[in-house]
Each structure stands twice: as structure tokens, then as C-alpha cells.
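Asker: Given the coordinates of chain A, assemble chains B, C and D onto it according to the supplied hints.
Letter by letter, the chains look like this.
There are 4 protein chains.
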Amino acid sequence: MNTIGTSMRLTVLGTSHGPGIECIVDGCPAGLDITEGTIQQELDLRKPSDEIGTSRKEEDRAEVLSGIVDGRTTGAPIAIFIRNRDVDSSKYEVFRRVPRPGHADYPALMKYGESHDLRGGGQFSGRMTALIVAAGAIAKTMLAKLNVRVAAYAQAIGSAVDEESHSFDDLIASTRQNPVRAASPSAAERMKVEILAARKAGDSVGGIVKCVAIGLPVGVGEPFFDTVEGELSKILFAIPAVKGVEFGAGFRAARMRGSEHNDPYAIVDGRVVTETNNAGGILGGLTNGMPLEFDVAFKPTASISAEQRSVDLKEMKSTALRIGGRHDPCIVPRAVVVVEGATAFVLADLCKRGGFLG
Amino acid sequence: MNTIGTSMRLTVLGTSHGPGIECIVDGCPAGLDITEGTIQQELDLRKPSDEIGTSRKEEDRAEVLSGIVDGRTTGAPIAIFIRNRDVDSSKYEVFRRVPRPGHADYPALMKYGESHDLRGGGQFSGRMTALIVAAGAIAKTMLAKLNVRVAAYAQAIGSAVDEESHSFDDLIASTRQNPVRAASPSAAERMKVEILAARKAGDSVGGIVKCVAIGLPVGVGEPFFDTVEGELSKILFAIPAVKGVEFGAGFRAARMRGSEHNDPYAIVDGRVVTETNNAGGILGGLTNGMPLEFDVAFKPTASISAEQRSVDLKEMKSTALRIGGRHDPCIVPRAVVVVEGATAFVLADLCKRGGFLG
Amino acid sequence: MNTIGTSMRLTVLGTSHGPGIECIVDGCPAGLDITEGTIQQELDLRKPSDEIGTSRKEEDRAEVLSGIVDGRTTGAPIAIFIRNRDVDSSKYEVFRRVPRPGHADYPALMKYGESHDLRGGGQFSGRMTALIVAAGAIAKTMLAKLNVRVAAYAQAIGSAVDEESHSFDDLIASTRQNPVRAASPSAAERMKVEILAARKAGDSVGGIVKCVAIGLPVGVGEPFFDTVEGELSKILFAIPAVKGVEFGAGFRAARMRGSEHNDPYAIVDGRVVTETNNAGGILGGLTNGMPLEFDVAFKPTASISAEQRSVDLKEMKSTALRIGGRHDPCIVPRAVVVVEGATAFVLADLCKRGGFLG
Amino acid sequence: MNTIGTSMRLTVLGTSHGPGIECIVDGCPAGLDITEGTIQQELDLRKPSDEIGTSRKEEDRAEVLSGIVDGRTTGAPIAIFIRNRDVDSSKYEVFRRVPRPGHADYPALMKYGESHDLRGGGQFSGRMTALIVAAGAIAKTMLAKLNVRVAAYAQAIGSAVDEESHSFDDLIASTRQNPVRAASPSAAERMKVEILAARKAGDSVGGIVKCVAIGLPVGVGEPFFDTVEGELSKILFAIPAVKGVEFGAGFRAARMRGSEHNDPYAIVDGRVVTETNNAGGILGGLTNGMPLEFDVAFKPTASISAEQRSVDLKEMKSTALRIGGRHDPCIVPRAVVVVEGATAFVLADLCKRGGFLG
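Residue numbers (this note's numbering), protein chains in the order written: chain A, 25 to 382; chain B, 25 to 382; chain C, 25 to 382; chain D, 25 to 382.
Okay, chain A solo, but in the shape it has when bound (with noise of 0.2 Å):
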């Protein structure tokens, strides 16, 4: 359903084309320093850019419906409203009768019939990710309580692959200053290239989001279902377009020995640490004290303005359809910070459940 988190509990709503999206964020304790700034200045970074990005603009103005008052969380479930913009939802209809490939029409119009809405993707819409967002940007405040950071960056889109390693520090920094969110600025050079490439083409393209979380203390998890890795993937995949999620060396340690793989136990300035980090900070489903580390993989952005093979449900036989509008022909720069916020989300709830945040 639409509400996820145990201690924290996030309710997701609306639709892309109705009068607004919305989240509530629950569990959130009082006292702490929020404003709509705060939420607005994640979600800017959500937004499309010029070069790379849809033309299409929202404004993504987060309004606080409850939880917030002067700058400060009363302790209430907190409420945050995203008013959509005034849409021409005609061009959708056509979707009912033909579905578009590698999008949510077929299957949601089976399950929930003619009544479903399907403006704009209606509830299966990218635009839903503006919401985790502005939970994320809630959850990163109450991290920052513990010192712990989340940052996510753009590791590959299409051939163009980062496989250099960055500190931390330089990609907080790295990411903000290329609207690919890559975490150097040769990397965004070729990643540009790469969406660019497709957008000419009338087509898109995928990629990799890497993320990273620092300053997390030992024993955050709770066995046996709610693992760090099971908690952070159900969220993941709940982004749309997202196919796959690796922790650490992830698929490449099926081709690994035990003796590659295990991390060895070093003293590191009176500290526990791990000399490798294949296992991405989690043995057990619990951290490890090492940064956790994963990657998220997007498949390319399903609309594209090509010609596709799909069917008329009505007439049930094949059938041509070409989707129009503007589309982002790369959808991981913005899926960047999105990633961020469902980490963060995730992080608060779980250190919450084990005590480590009041």
C-alpha cells in the first residue's frame, strides 16, 4: 500500500494530474529545525535541468499542511503538499485503449479497471519521487543528529561509467555542480554526451545511482526480516524505473573466492574497521560501522518519442503508437537525490527501531 517505515512512517498520495501530490511523514520528533526551505532546497534538486533534462517545468512548491510550525516539528505527523500545475490531461485517454510499452498502463488497467486514472501515469508516476524527496529531506535533519550523511551520485548512464572511487566530502560537493549529479566533472563530460546522444535519437537511456552513508554506528538493522539491505531495496524499488539493487561488490562477488571477499578486521585509530569493504557496511543485515554502500540501477526513461509496437485493447490486435510531450531522455541525474531521500528515510526509521535516535 501506500504507507511504509515502522518508527517512521511515510504516506504517499495523489496523482500527477489530480490537484496535488502529497506525503506524511510520521514519527518525526518534535523540537527539530524544519522549514519549507529545508524540503525546498532537496526538491530543487530534483528538477530538470535546461541541457539535459525534459523542457517541461514544474515548480515543485513544497507546502507544509501540518507537523511544521514556526520552523519547528510539533511532534504531529508531518504533511507536505505539492500542488500540480494546470495539465491538458487529454492526450492520456488514447493510453486505455493502447497501452504504452514499458509503462504501468497494462497492468494497472487490469487491476483496477476504466476507473483507474492514468493522467500522467497517475499514481505510477515519476513525479510520486518528489515526495520522497521531501521525506528524505526530514530524515536527512534527523540524521544529522548522529552525524550520519547520505550522498548518492549519478556512477553510469549508458557505456559512460565512474569507476573511480571519491570521498565523501567531494561528492557532496561534486554532485551540485553538474546537473548529471555526477561526482566529477569529466565524468558528467561523458555522461552528458551519452544523454544527449539519445535525446537526438528520439530515445533514452539508463543508469547507475551509487550511494553512500557515512557515520552510521554499529548494529543498525533489526534480524531477521528487516536487514539494512531488505529495508533499503523494498523503497528502492519502489522509484519507478529502478530494475536492480546491488550491496557492495554485489553481483560481481558471484565470481569471487571467500578469501577475496571477506573483509579482513583492522585497528584503525582504536576503531574496528575493515581493510576491503565488499560487503558495502552490512554483515547480517546489520552495519558494520564501514560507509554503506550500494548501487541502484534505472532502466532507460520508458516514454520516448519513437515509434513503438503496442496493441488496441479494445480491438485486441497489434498496433503502432507514437507517445508525444517532452520527456527527461535520462531519468537518473533526477533520480540522484531521490535516492538520497529513500536512504535517508530508510536510515531514521531503522536507527529509530534500535535506539540509536530518540
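Keep in mind that the hints were calculated from the coordinates and are not lab data. It cannot be assumed that every hint is accurate.
Taking lysine-lysine and the DSSO-like style, the derived pairs with C-alpha atoms no more than 30 Å apart in a straight line are [to be verified]:
1) D:K169 - B:K169
2) D:K169 - A:K169
3) A:K338 - C:K169
4) C:K338 - A:K169
5) A:K224 - A:K81
On a predicted model such as this, the values are computed, not experimentally measured, just so you know.
Answerer: Chains B, C and D only, in chain A's frame:
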């Protein structure tokens, strides 16, 4: 925590060196034909093979404590107990002081303190996965009413990769006939070589389990958060050693163009299908009627006999550790039926939630 | 927290003196005919009466933010927003220092600290019950498909008690025709006298709401813990001022013999019925096909104009407090439709869980 | 379903005539001193008395299957198994055809069909309450760390009512010294007379359990829905035979004026207290620091030896039924420790959720 699921709930408990382990499956309808034999048959598929597995044998005898009378479910929660055989646990004490690399010892000790029961891995033991298999046996029986079937197989072990595609019926037949749970005799042979080489080196090796489910109705899944991918990945990451999960094209999608990745719709025999299945049978978090397909990456077994670098937590200094006992050089063959069981449980839960199962 | 329910989920948020209050109902099937008018009609039943209620009027205009398009549910979560009118909140500041007896001021300040928003009672305001009424309007529409109907009435106000029994159809007709929501004109008259006497004395008075639901199938309820009584009482006690809930003979059962209390079975018109209904329609936590009947005790309104003894939390000494403003001298008449709404929500959830509702 | 709680979770399973019954308590911190003796001591308080109880004796021996090693909790879920003794279940078959008045037979058969295990009441058996007592023993140990203590007593049995008030320490001392669990020897004597009279008449009698908890911090409870009253009443109504729950003045509040019901604040020994406790220690769903007080109404035992009117479900006609076996003529004395256990469990869960318990 130790309970998962919504309309179906699975609770696991016990540790590998206490009296036993147990699972409770709540939400199973009354009147289903299930015997201890039904469950035992599945549990037997998880037993280590003489050829390629650990030489330590557990009987894993399923004992129904509740919910089944005279071979039929009663509607009450089903409890299955698996008694532990008497085991010498003394050797585990050293790991309180010198944690094993790749195991949960260190974070678990930090989380639970001195009272943590780390004998045999405690509640982090791979032995707990027998409970997922037991729950899976029940779920498979439920799904059979919908003609939904689940099959998994070892798709890769180390560098031995099975690139072929297999019909569903072949899968079921083949995997039961080789100890590796590979989909063809030739793949089994190549994988066996990898496992035996690792064992000979006192080492271990990872791999990939591929899972397929057919017969699912369109529209299974509960957006926004309870997507098919999200619900599956959550339970899959609770299986010890899982480091990655991808659906359909998965991480390959990151390098694809939209025109290549979008699965075109077609009408075949009066049914809506897609010509390719890069989506892995899921769009917008909902099943689309195509086979559900996903891969699960397993790291190499953490317990190896080669000497490893660790630390002495009491003296806070580096030390060497050698782990005795006999361990599976590769967990993948035994994990195949675990992945099947986890998948069946999640699908039964989602089918019940969606009103597809009574 | 602020979410309740399993297959149907209700989330409430907002405070009485912020921008507004809102409820989200998740789990409602697509294709149901519901308009803002459907909801408004129920909300209007909660409005204070000129004759016996507070002179402060709230418009309580329901605004659908999500989940209903063109008068039909879409399957997405339904969000209903009720905007607060501009209110002078300055008078509430004093209650931070001198908590009102019978209100949540003191424990809420201890729990949430200085950031707690106690204007108008904050999230403890009786105004939040409008959201239960709105959710109830949706639930009643769902239940109508099963021919399940819910009706409540004022059974007692102060010493005016209605000992008569009433047919279900009379209930619906009568309660809408008097401001007290009594089941007969004579009862209404006697209760009005109690209310006006309390008001004249600058005081308030309590009462009992009796609720009946008919048409329920046999076997609704999910043992062991999710009994009909348990699920109902949980939401009923969330209604401010509720102090007791009893089913069927309730507390009178404590004085009865088994031979008197057990309801004998009989066959009437080919249906199994019981000759009496001391069970209130529930056995073993399950509906038994007889009318569901229960009573809810409401304490007198906490806000009274007479001077009360309280303490100054800053100086930690006794002090006197006089509460201004205009308040309902009795909350019972307005609570009748709230009890109906809460009941309808729980029954819709349980009917959906039990497979009685699609 | 069969799991309840949020930060603490209790799962119950089994039936009275299968292998046994079991509870699982998840969320208990590691390092707590609990032995089988701790649990057995509480279970023994639930045993029937020779004088006034059933002559059927169950040993109710607690066996810890998981979560406690060497007398200390490990942080893993705690499982307690109580084996059933061999019982002749043949006599229950008739109730499939002729349901017992006041029992769950009829609705359970309609819900679960022929596969329902109604031997001994199946999962509706009063025997399941032993599991609440066991969970309560664990919860009481947790609460002891906060100096929170819970005590209940028989406040009324039939027409024998104990109108006196009792100090908390007296309660603990007195109730253990008489089989009725009354708060004074004289009350015990009067209640015993009621019970023996009912037994002599082949009948049964109901009663009221009053429960008190002291030492609770201010602010326990999680609005809007997870109020102290709501959480308590939900589990209390899962206890078979409970028909009503009221807090503080409860149903008496319905007849009171606000000036009489509102508890005035005062400062005593530098602490904020209220002069009266009509609120029963709860305001706005939160504890206010005063003793938590509530009453629970129990109906008379449904099994009586007198002949009763029932129906033959096969022939759909009226018939007479006589129930053999030996039953408690009054369930109240044995229910006292069950109410205590349920209360302790809820309070431990809420204290943990509120951050009062680590």
C-alpha cells in the same frame, strides 16, 4: 523484526544451537491438503550433497505443532518445528573475542552485547533458511490453486555461467537431478568443477540463483510501496549471503536504450503478451502476465578454512583466525530451494492481498 | 501512530489551528461512486446544533485531493482535506503554563516539549473526529455493497436514559430529525433538558452512544487478536472523551449466570439465529450473524466555563483557571456520526480482510 | 491475525487439543534475567483452584524454545511452548453439528469450514490465555526496570462487589492469598459463595477484573490511534469472555458533570498530580502520571452443565444440548493474571515505542 508479510505472515525463531528452529505461517486458508511430507519433500531439497556440500548432516525433520490436522489446514496459524541435533558449541566462544570476517559476529555483539548467542551463527545462521523453505512449501500449495508455479536454478557459480534459456518444465525436471541445482547436465558439470576447486583450495565461491514464476495473473502487487520487486527483494535480502537482486534485464538495463529495453506488446492466441521480457514480468510494480524473472547474487560462503586476518576485541589488536569445522564451499545449490520458497511466500501474500487467492 | 487498519488504512493529520486537517483512506477499491457530496452529507451530521451546541461554527467543507475522479474512486488512496478557518489562537498560550483539567495539555507538553502545538487542542482536538466521519462515508459506501448498514444514537445523556429498543429503520429515520441524535422524540426532549441544564450551570454532561450494525455475514473478524471487539474498541478509544466500550450485555454480563447470558440458537426462516443477543452479535471475536451491538461511554466535555483548580507549571504551585470560549455542553450528539464512521471503517477493513468485500 | 504489538510483538499459536500452544515475544532486549521459573511462577497463578475451579488440571509447564540462554535473554525472539497433555477429543465432534451457545463453534465453522479444529475450542480456547500470561512475565521483567508495576484483582463476581479501595501493595499481597484473587479476605469469601452457588446450580457466573498500574512515566501512548486505552482494549478483548472495558470513571462518566469529572491538578511533594482520578491515569490517550486504572467485564463461562437450546446444523432444526466435562463455574479468578499479563505486554510495547525503555 522476525515477522514478515501482510495477508500472509511468516515468523521465524530459534537458533542453530538451541533446542531448534521454528516458523509460523499465519493467514493460510482452512481446508488445504498439506502434510508433514509436503514440507519434508521441500526441506530435503535443501540438504547438502555428499559430493559438493558440507559433510555435516542435519536431519531437518519437520514437525507440525499447529494448524494442520489430519493432513488439512485448519485456518489456525501453522507452526513447523525443526529440532536441532545435539551439537558441541564450545568452539564458538572464541568468536566473541575474535569475530569471523564476513560473518555477523562483530555487529551482533555490538548490538546485543555479551548475551548474544553466537553459537553456530545464532539467529544469523544459514540454518534459518530451512524455515523459509518450509513456509515456501505451504505457499506453493496455495499458489497451485491459481496454477502459479515457481522454479529457481543455479545460473552461475564462480566463473561457470549458464547463458542458455530454459523452458519452465525443463527447469523443474533438471534441477532436481543434479546436486548443483543447475538447469542442464553440462552446466552442472562446469559448476561442480568450480565448487570442487574452491573446496580443494580451502576456499569458497559465490554464484547467482535465477528464479522464474509462471501463471501469475495480471495486476499482482500493491503500489506505491508494496511492489512485487520490493516485497520480493525484502525477503530475499534476509537470506544470509545475498548481496544483489535484479529483475528482468536488471543491471544490464543501465546500458540500454529505451527503444531496446521497452518490451513491445503483441496479441498471441488472443492474449496480450510482450515480445521480449526485459521487464522481468513487472511494470509499475505490478505483474504484467509475462513470466516473473529475477536474479539473486550470493557471496561466497564466509566460513573458509584458510587463515584470515581479524582482531582481538578484548586487547584491541590484530590477530589471525582459522575457522575449523566443515562448511559448504558454495551455498548456491542449497539456496535454490530457499529462493523458491521465499518467492512463493511473497507471491501467495500478494495474490491474497489482491483478491486473487481466497 | 496516526495510521490504523490493515486491508483498509486510515491516516489522519493536521491540527485544529493549522492550515487544516486531512484524512487518507487507502485500500478502497476502484470504481466506487463517491462524490464530495457523499462525504459532505455525513460531515454535516457532525455540525453543532444551534439549540444545544457550541455557537462556534466550522464550515467543515470536504475537499478531495486524491483518489476520486469524476465521482468514482480510482484505486489510489483517497485524501480528504478540511481547511481550518482563520482562528485567533493567542488564548491557548496560557495553557502551556496552566494545563486545563481533563484535557491532554499536561501529558502532551511532557511528551513533546515546548514545540507541542496545543492551540485548539492540537492533534488531540475533537475536530480530528471530522476525519473519522469522512472516512466513514467512504466505508459506508463500501459496506452498502454487502447490504451492511450502521446506525448509532444517543442512548443516554446524563440521567436521561433511553431504555427502549428501536428497529433499525426507525433509528436511521429518528436520529436525523432531532439535534440530540436520539432515537425517539421523547428521548430527545428529555436529553435536551439535561444538556441545557448543564449549559446554564456553565457545566457539561456526559452520555452513552449505542451503535448497531446489521447485515454482517457470519465469520467477520480475524482471531486471535484482530477480533471485532478489539478492532472496534481500538478506534473508538481514539475518539476524544471515550472512556468505556461494551458489547451486547457488556458490564451487565458480570452479574449474570451462564444460563441467562448464553443466547440459545434457533432456526427462523431457514436461518440460524439466536433468541436473545447478549453476545452483541459476536462470539469468539467473530460476527455470528445477529446484529452487532455495543455501547460507548463519553465523559462530559472537558472545557467548562466554571473556575477550576490547576497548577502553574513554571512556578510549580496551585492556581485557578477559567476557560473562555464557547464549547459544546455535551459532545454526545455530535459524536453519534463519529461512532458510526469509526464502526463502518473497521467493518469495511475486516470484511475486506475476510474476503467478504472485493 | 495472531500477532499483536509494534516495538514488542506477541504471536500466539496452537490449539488446546493439538501438540501444544506457544507464544513468541519479539523485541525483548538482550541481557534481561528471565528463567523458565520466572514464567512458570506467573503461569501457576492461572491454575484452577481445587476449591472453586474446574477439576481438570493442566500442568502448563513452560518450555523455552528460543531467546533465553543461561537465564538471560539473547535479543532473539523468545518462544515459550506449553505442551498439551493427552486428552480425549472425541466428545467435541458433536459440536460441529450442534454448536454450543456462547461459544465460537458456529461462526468458526462458517468461517473455516469443515477443517476447523474445534476440539477444546481450538484456537478460541481459553487455554490460549496461558500464552498471554507467559508474555506478561517477560513484559513485567522489562517494566521492572522502569519501576512500573501491574496488579489486578477480582472486583466483582456476580452480585458480590468489592467497593473498597486498596493500596497497590495490599493488592499484590492479598490476591495471591485467596483462590478468587480478591483484594481482601472478606471480599474473597463473598465471591466464593457466588461461585459455589453457581456451580451447585450447574451454572456459571460472570464478574469484573480491576487492574492498576503504577510508576508509569508521563506521556506513554502514541496518538492519534495508538492510545493507551486503544492498545489495551484491543488485547483485552482478545481474552475470551471479555465483554466490556472502561477506564477510570468509565461508564459512570456518562452520568457526570464536567465539574465533577475533571480531575483538578495539584502539586504534591513537588510533583504534578490530580486530586481525583476519574481519568484513570489517561488524558488524550497518554498517561498523565497518575495510576492507570481500568475495569474489564467478563461474561459467565459459556460451558454449563444445564441443558441448553441449540440447533442441528445438518437437519436445520432445533434441538437440546447438554455439555459434559468439568468447567470453571467462573473464569474471573484465573483471568486476573491474564489481565495483568496483557496489560504488562501493552505497557512494555508503548514504553519502548516512546523511548522510555531501551
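Asker: Does each hint hold? Answer for all of them.
Answerer: For each hint, the structure was consulted:
1. D:K169 - B:K169: violated (51 Å)
2. D:K169 - A:K169: Distance ~27 Å between D:K169 and A:K169 Cα, so the pair holds.
3. A:K338 - C:K169: holds (29 Å)
4. C:K338 - A:K169: holds (29 Å)
5. A:K224 - A:K81: Answer holds: A:K224 to A:K81 is near 20 Å, not above 30 Å.
In this structure, the one hint that does not hold is number 1.
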